[in-house]
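Top to bottom, those sequences are chains D and X. For the first sequence, counting from 1, position 96 maps to 96 in this note's numbering; every step adds exactly one. For the second sequence, counting from 1, position 270 maps to 270 in this note's numbering; every step adds exactly one.
Be careful, since some hints might not be right.
Copies of the same chain are indistinguishable here, so a pair counts whether it falls within one copy or spans any two.
[To be verified] Pairs of lysine to any residue residues, derived as SDA-like cross-links and limited to a Cα-Cα distance of at most 20 Å, are as follows: (1) K211 <-> E72; (2) K211 <-> R28; (3) K211 <-> T405; (4) K211 <-> T34.
Everything labelled a hint here was simulated from the structure, so no lab data went into it.
2 protein chains.
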Amino acid sequence: MTAELRSQLPIRRWSSLSAQERYTALRRPAQRNTQALHEQVREIIQEVRSRGDHALVDYARRFDGVELTTLEVTPAEFAAAQTSLDAVQRQALERAIANVRRFHEAQRAEPIRLEISPGVTCEREFRPIDAVGLYVPAGVAPLPSTAIMLAVPALIAGCPTRIICTPPRKDGSADPAVLTVARLCGIERVFKLGGAQAIAAMAYGTASVPKVDKVYGPGNAWVTAAKLLVANDPDGAALDLPAGPSEVLVIADEQAHPEFVAADLLAQTEHSADAQSVLVTTSMALAQATLEQLAAQMPRLERERTLREAIQNTRLFLVDSLQDAFDLSNTYAPEHLIIQIAAARAWVPQVRNAGSVFLGAWTPETMGDYCSGTNHVLPTYGFARAYSGLGLGDFLKRITIQELTADGLRDLGPTALTIAHMEGLGAHANAVQVRLAYLATVLPDGVRAAARPDTPLRGSEGA
Amino acid sequence: MTAELRSQLPIRRWSSLSAQERYTALRRPAQRNTQALHEQVREIIQEVRSRGDHALVDYARRFDGVELTTLEVTPAEFAAAQTSLDAVQRQALERAIANVRRFHEAQRAEPIRLEISPGVTCEREFRPIDAVGLYVPAGVAPLPSTAIMLAVPALIAGCPTRIICTPPRKDGSADPAVLTVARLCGIERVFKLGGAQAIAAMAYGTASVPKVDKVYGPGNAWVTAAKLLVANDPDGAALDLPAGPSEVLVIADEQAHPEFVAADLLAQTEHSADAQSVLVTTSMALAQATLEQLAAQMPRLERERTLREAIQNTRLFLVDSLQDAFDLSNTYAPEHLIIQIAAARAWVPQVRNAGSVFLGAWTPETMGDYCSGTNHVLPTYGFARAYSGLGLGDFLKRITIQELTADGLRDLGPTALTIAHMEGLGAHANAVQVRLAYLATVLPDGVRAAARPDTPLRGSEGA
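Using the sequences and the hints, build the whole thing.
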């Protein structure tokens, strides 16, 4: 077993790889994102737009193998869900919600109000996005934890319309844990819809499903393609983050526990056949011990089959220094970065590109996935170079506001005039000019010098 | 003239329109976003990726009509630019930069550090995006104001690599005002590149142009299509905002100055043939007087030809109440919202969807476009329902960090175990379980009960 793994997973010395070899070694597993897939998804979206709920019922039959009589979860189903969880399960969800809530409430930002110069005020205020659609996938099993990560910030943001779509189970019901989370997070409307058709329903609305302004949540290749397509359409809906297969990078030194490192790599690996786990270590002994632990732990895990498939994406790198390790990590830009080195905390400033960071021996990624308080919807597939994980701000819009007094315009107006003329935009200049000309005809106390009783001088300051 | 405009621009009573008529009346001008355009842009991107700088020189010849010997602006060009602006122009740019800088510096957010429960710490820190590419268009004339809006937040964020692409002028030089802004904002590298080819060069890099992680800035249909395409490619670059033609909505009551309202509508209208201006007023007299002002002001404006074309997109609505006006505005979700009513300030909380808001008689949109301090890169084409205007945060990533102590894991670990099992993710549970099992073998003071000298107990807290 170890021998087999050892041949599958060579420990590569980073310093001996050429630039091209490094590039290749850090390539993510190929993503299913073909033109053909996009065409299929485009057709699904078109069907949902033209046939609405009828198309949704048809797709549920075809893709989920269920005959849905209602798309929306009924009060009876909600009630049944409440009783189907045991006390330990319910308490675990409640504690996770409480922690995620605390961390996301801490992300509230104050409005800004700044007098830029006398009579020129600029402000920034927040508004919740009116309608948000939360997609809770159910690949292996339904994911109540994803419902938590989406529903909690939407609740804190105060988005007036918050709905969940989640694929129906084989018996046509929705997962009771997801329904329990929905209720605990104040979400009244849950639809038993999965895949691209769920995204289309939320982006455009149907008789049953309200149209939303933005869709959130991870999903498979169909869901991802649908999110991109509806986001590119002004009549569709925005998306939270581009998504790809999930990944972890573990930086470990000779003091790390190989048992823990291997367990963390495997936790990521079990997600799907295209998930990727990367170990970067300064210690050959740790790398070898981790390989042994991988071999030892894999057979006792329930998703062994997925593990055996996805382990082929695992990469093991030996680096000369921790600086090399962090450089490699920043190049790879992992969704999850686990740092199991003696001085983990001291190296945090070196992390430039990563979704979420897990420090030390006692912080497995699992904790962030479920209940530490951070969000588990994170930029995958290298998107951490430019994107951030989901947070409260993703459920809000920032609106800027400016207000000038007559004196403020007198003072700053000429600056705008100059730049407008530099840009050849005469009507932009004119909008300032007509006001300055008007102000030139009035005395400073607001009394007009030239009589023009039909247009009294009046600013929003009530002059 | 007024008669002609009056027939072109009917004043429509909102309350008398059916739902379908309202929907049609608020439709934006059609966007050039065809499959054919996408195919052209896809080809340009492919050419730039495969032929690099050679393709860029070819496209400059073909699209810009210039023969470029160097793509990058030289120190001599920078020096010449400094001297070609007069003192008034330079001071105007400096003042605009100072104002934009102040408002964007006020957007800095503090890191978060929160002890969620004993031994469980969650944090959020900010990191600048490593490399940003700023696109400064030059449709009518080059836009130094756009250079300000992009370069200032990139500077404050501290993005290590900041480059500008801007289309070359007919003589092959770059606009001196844009170069002056670049220098004032600490940008060393400017490339004379426009259109889709500029976006491709920044997203993938060429021998001359460094690859960036995210591209910013408005542009024409080719630029917009290129940004979407590279953003959908994990090897490409993220984009700031989806873009469409620019627009303004003015809410005015009977006390507004028709002269100012008309000037504001025209300032927006001059942008391009597909720009749109919307007036929503509670006063028929104001609507009619605005029409007269439109007719009076148009002939004296330099971009009259564009105005005559784009004025066809202008919409005039008469509403029964200010509440109706704000409802209409929130449905339209304007990029710019100008509020010229007696109690403008009091109505701000009613604004749910808008990019930037201008309050009162003395705050023409022009001021925000150039120098009030707010950013003028804003969500257009209805995207204000889900997106915000550009700000400091768009140049930063938010990274979350968590750290558990051994006791923290002992306490919270079982919660994660429960949820992992609910989701059928055994390897996730295992990563917690191996640690809890390990901790069960050690005494509370960190001394191991069971001898296993090869793996000392060690968390990042240095236990």
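Violations among the numbered hints, reported as their numbers in ascending order: 3 and 4
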